[in-house]
Amino acid sequence: MKLFPTGTLTGMTLVLKRFLRSYPNDIKENIKARSLFRKTSPEVASERASVTQKGLITVEYPDVKLKPPENFRFIPFLIYEPVLDAAGKPIVNAATGKEEIGVERCTACGICAKVCPPQCIWIVRAVGDDGKPKPQAAEFFIDIDVCMNCGLCAEFCPFDAIKMDNDYELAGYERHVNHIYDYPTLLKSTTYYESIKPTDYANEEAARKAKEEAKTKKPAAAEKTATAAAAAAKTATPKMQEPPAVE
Amino acid sequence: MAVLSPEAAPVAKNHVEYSKAFDAESVAAHLKESVDGAVVSSSSAGIVVDSAKIVDALQWLRDSPELAYDYFSSVTAVDWPDKFEVVYHVASTVRGGPPLALKVNLNDKENPVVSSAASVYQGALQQEREVYDFYGIRFAGHPNLRRIFMWEGFEGFPLRKSYKEAYYEQDRKPFETRWDQGHHIIIEDRVPWHDNVIYPKNFDPTTFKQIREIVRVAPTIEQGDTKALKTQPIVVSVGPQHPSTHGVFRMNVTLDGETIMALDPVFGYLHRNHEKIGERNTFYMNVPFTDRLDYLCGMSMETGYVMGVEKMMGIKPPERVEYIRVIMNEFTRIVSHMFGGIGQVYSDLGAFFTPIVIYGLEERELVLDLFESASGSRMMCNYMRFGGVWRDLPEGWLEVARELAHNRLPKVADEMETYLVKNEIFDVRAKHIGVLPPDLAVNYGVSGPMLRGSGVKYDIRRADPYSIYDRFDFNIPVGTNGDIYDRMWCRIQEIRESIKILQQAIKDIPDGETMAGKKAYSFRVPKGEVFAHIEAPRGDFGWYLVSDHNTTPYRYHVRAADFINLATMEQMCVGHKIGDMVGVLGSVDIIMGSVDR
Ligand code: SF4
Ligand code: SF4
Numbered sequence: 001m002k003l004f005p006t007g008t009l010t011g012m013t014l015v016l017k018r019f020l021r022s023y024p025n026d027i028k029e030n031i032k033a034r035s036l037f038r039k040t041s042p043e044v045a046s047e048r049a050s051v052t053q054k055g056l057i058t059v060e061y062p063d064v065k066l067k068p069p070e071n072f073r074f075i076p077f078l079i080y081e082p083v084l085d086a087a088g089k090p091i092v093n094a095a096t097g098k099e100e101i102g103v104e105r106c107t108a109c110g111i112c113a114k115v116c117p118p119q120c121i122w123i124v125r126a127v128g129d130d131g132k133p134k135p136q137a138a139e140f141f142i143d144i145d146v147c148m149n150c151g152l153c154a155e156f157c158p159f160d161a162i163k164m165d166n167d168y169e170l171a172g173y174e175r176h177v178n179h180i181y182d183y184p185t186l187l188k189s190t191t192y193y194e195s196i197k198p199t200d201y202a203n204e205e206a207a208r209k210a211k212e213e214a215k216t217k218k219p220a221a222a223e224k225t226a227t228a229a230a231a232a233a234k235t236a237t238p239k240m241q242e243p244p245a246v247e
Numbered sequence: 001m002a003v004l005s006p007e008a009a010p011v012a013k014n015h016v017e018y019s020k021a022f023d024a025e026s027v028a029a030h031l032k033e034s035v036d037g038a039v040v041s042s043s044s045a046g047i048v049v050d051s052a053k054i055v056d057a058l059q060w061l062r063d064s065p066e067l068a069y070d071y072f073s074s075v076t077a078v079d080w081p082d083k084f085e086v087v088y089h090v091a092s093t094v095r096g097g098p099p100l101a102l103k104v105n106l107n108d109k110e111n112p113v114v115s116s117a118a119s120v121y122q123g124a125l126q127q128e129r130e131v132y133d134f135y136g137i138r139f140a141g142h143p144n145l146r147r148i149f150m151w152e153g154f155e156g157f158p159l160r161k162s163y164k165e166a167y168y169e170q171d172r173k174p175f176e177t178r179w180d181q182g183h184h185i186i187i188e189d190r191v192p193w194h195d196n197v198i199y200p201k202n203f204d205p206t207t208f209k210q211i212r213e214i215v216r217v218a219p220t221i222e223q224g225d226t227k228a229l230k231t232q233p234i235v236v237s238v239g240p241q242h243p244s245t246h247g248v249f250r251m252n253v254t255l256d257g258e259t260i261m262a263l264d265p266v267f268g269y270l271h272r273n274h275e276k277i278g279e280r281n282t283f284y285m286n287v288p289f290t291d292r293l294d295y296l297c298g299m300s301m302e303t304g305y306v307m308g309v310e311k312m313m314g315i316k317p318p319e320r321v322e323y324i325r326v327i328m329n330e331f332t333r334i335v336s337h338m339f340g341g342i343g344q345v346y347s348d349l350g351a352f353f354t355p356i357v358i359y360g361l362e363e364r365e366l367v368l369d370l371f372e373s374a375s376g377s378r379m380m381c382n383y384m385r386f387g388g389v390w391r392d393l394p395e396g397w398l399e400v401a402r403e404l405a406h407n408r409l410p411k412v413a414d415e416m417e418t419y420l421v422k423n424e425i426f427d428v429r430a431k432h433i434g435v436l437p438p439d440l441a442v443n444y445g446v447s448g449p450m451l452r453g454s455g456v457k458y459d460i461r462r463a464d465p466y467s468i469y470d471r472f473d474f475n476i477p478v479g480t481n482g483d484i485y486d487r488m489w490c491r492i493q494e495i496r497e498s499i500k501i502l503q504q505a506i507k508d509i510p511d512g513e514t515m516a517g518k519k520a521y522s523f524r525v526p527k528g529e530v531f532a533h534i535e536a537p538r539g540d541f542g543w544y545l546v547s548d549h550n551t552t553p554y555r556y557h558v559r560a561a562d563f564i565n566l567a568t569m570e571q572m573c574v575g576h577k578i579g580d581m582v583g584v585l586g587s588v589d590i591i592m593g594s595v596d597r
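Quick mapping for you: the protein sequence lines, in order, are chains V and R. According to the working numbering, the first sequence is numbered sequentially starting from 1. According to the working numbering, the second sequence is numbered sequentially starting from 1.
These aren't lab readings, by the way, just hints derived from the structure by calculation. These numbers come from a predicted model, not from an experiment. Careful, some of the hints might be misleading.
[Stated by the list, open to error] Quick list of in silico lysine-lysine cross-link-like pairs, PhoX-like style, CA-CA up to 20 Å: (1) V:K17 x R:K411; (2) V:K17 x R:K422; (3) V:K67 x V:K17; (4) R:K311 x R:K164; (5) V:K54 x R:K411; (6) R:K164 x R:K83; (7) R:K311 x R:K527; (8) R:K411 x R:K500; (9) R:K276 x R:K316.
[Unchecked claim] Label-pair restraints from in silico Cβ distances: (10) R:E513 x V:K211: 20 to 26 Å; (11) V:G128 x R:S522: 26 to 32 Å; (12) R:S43 x V:T199: 46 to 52 Å.
Note that CB positions come from ideal geometry on N, CA and C, so glycine has one too.
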């Protein structure tokens, strides 16, 4: 070993530099807010999560939350289309305080249950009065402790009925009842879906519209709109949130 | 952007020249001449060798100067209805090229025995234990044939087709109970807890004793002068609670004072039989499961597996996909090295969580943000698909990636090198500690930065090129001494080379499709077998897949590089002080998700 550890000291200088550059922003914020106990402002938080970040990289979760990107996926949910009033707003049931459910998109086709790698989706198909199976789910369970958040169910559902959520705060005190999501728990409205994944929603609605038009229009023209819609759906990819927004 | 056609692909500079690769048929012809009666039959998939001649055949392949199969890649087995098939994969670090498969049929299913290959390749010592543990195939002449992942009192051989695990439902997914009468039950309630464990006959927990005998693989060292001071070797169990923050892993270390005399790694704390799960799953379902192998490098794991299935199905992914895969893989390598291969080693050597791990983690955050916005998840990406990727990259993704690759990551690599090369403390802790000689490393089947740290220029990206790596200009850094320092140095240089590849790939990436053909969730894969391997950050990760024309793989085997690298722990540690052991373990850079599988 050398008598004087110059290399080690060079390293230490780097550490010191890093340390010094970590805190100016933070201190500036404190001065601005005139408080030692303030939350990181949205601008600073976004700055910290970007590629040009210098110094501190963390925010004070759960007081400050970074918004996940549009492609983010967590436990799936099922989609219903709400009943709309004349003004196009969802009708809320006065007694329950919940939106009136119009169409449940799931047809109980079972594809999601078949593709799910840990086999955590359980579906009971509804039976009509005539005893024949109906294209509707009577029961739908997802064991969210078994779900590995892979997103394959949402990828392969042919009816856009199951989608991946953005809500990642699901800790509970008990797992045998609360973490088995049943049908009512899983159902969420298209408005919610639109709010978390606007690009996907717009693409899917466009494709849906084109399909419906195709049904009514003459075949040749319909094909044109369908391909145009498909092309539109292909080009639109969600935007990178750069810098990520804060919730 | 111009689309590069595969024909016009430029051959990269810094291309390492390997002599010609041999196919299985021509090797079989040589082998037939030289080892009498060894070859039973041969095809392009491999050579079937007589069970009495396998060791001779391996020895000849290893020593033949022309073929030089010096590298023991893997040994595993397949349970066929009428026989066990032991499958060896050997490769050549001198010639490069794809590995050669040798197979031995054991028709006696009651008492399958084959000679151990440990006398030719020491790498077989650890892997044959795995085969014994899972299949009950015994290897005659193996000095230490006992279970490796299961505990000693475990009954049954889990990878045999007849074995049914706890909570067994059906041989193949999807399970029928899920649809269309999927009334939910908690699965543990259906098979009550006390009924799902099988004990050996006459098992009595009060009298059961674990086998604690330690079998040495490294040369013995003399105990200190016992006359002057009365000393006694003691066995210290290090772990399993994060002995060095790498995962749940234990070592029984025999010590004389502070000097290590013997070391016996104990595996299996994170074992979940990934391979059995893989054989129950459909091909598609396995993609997200591969993320859980080496969980720091989900993208690489997916690429390897997906490439294997693509090979079997004869799919060629579109150009853009190949570029996306290269970009994802190189980002993975950079952050895995920064965090695991370099940062953690500093922390193991005493710079406890300050500051380099954290600096590595910062960059990793930014890369994980990129992964998240493309795939939806940070670590468990589930992004690769057979013949493509899940979705195209989001708008603006490549700009962020470019900023990282051109402006940010090179600076961090420089900083890391400053801590490493000039630091006197690091010098004394890392130089000439944990030395692994090159011949031993090759013989053990060690791979990745560990092998290159020992001076062997062997990188799958060059030796057996896959995807489009032959288009990029990059070097293979190699060390000289094979100590902790050289492994770390190699990783830093590899970060630089990966940055180089990233810059080229981001510049050249063409527009186009991100999926070949139509996606399907259930399909049959043609009969056949494949060994697909990639240069993952921790080394040569391989997937040996066998399909019997079904929706699920008949055999799904993972060659986990860090599991095989760990086999050399004793060789590297004996004679050093116990404080160095943690540093050596750190420099192996293990992830228990893939070690224990
Ligand atoms: S795939 Fe879609 S429509 Fe079919 S059962 Fe699942 S959620 Fe319902
Ligand atoms: S996300 Fe994956 S694991 Fe979860 S329910 Fe869907 S398919 Fe199953």
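Going through the hints against the structure:
Taking the CA atoms of K17 of chain V and K411 of chain R, the gap is about 14 Å. The hint holds against a cut of 20 Å. Using a Cα cut-off of 20 Å, the hinted pair K17 of chain V and K422 of chain R holds, with the two alpha carbons roughly 18 Å apart. The hinted pair formed by K67 of chain V and K17 of chain V fails the criterion: a straight-line CA distance of about 30 Å is larger than 20 Å. Proximity of K311 of chain R to K164 of chain R is assessed by CA-CA distance (about 30 Å); at most 20 Å being required, the pair is judged violated.
Under the criterion of a C-alpha separation no larger than 20 Å, the hint pairing K54 of chain V with K411 of chain R is consistent with the structure, at around 12 Å. For the given pair, K164 of chain R sits about 19 Å from K83 of chain R by alpha-carbon distance, which is consistent with the 20 Å threshold. Note on K311 of chain R and K527 of chain R: the hinted pairing holds, with a Cα-Cα distance of about 12 Å set against a maximum of 20 Å. A distance of roughly 13 Å separates the Cα atoms of K411 of chain R and K500 of chain R; the hinted pair therefore holds under the 20 Å criterion.
With a C-alpha separation of about 28 Å, the suggested pairing of K276 of chain R with K316 of chain R is violated against the 20 Å cut-off. A C-beta distance of roughly 22 Å is found between E513 of chain R and K211 of chain V, which places it inside the suggested range of 20 to 26 Å. Separated by about 28 Å at the C-beta atoms, G128 of chain V and S522 of chain R satisfy the suggested range of 26 to 32 Å. Range check, S43 of chain R to T199 of chain V: Cβ separation about 50 Å, and the 46 to 52 Å hint holds.
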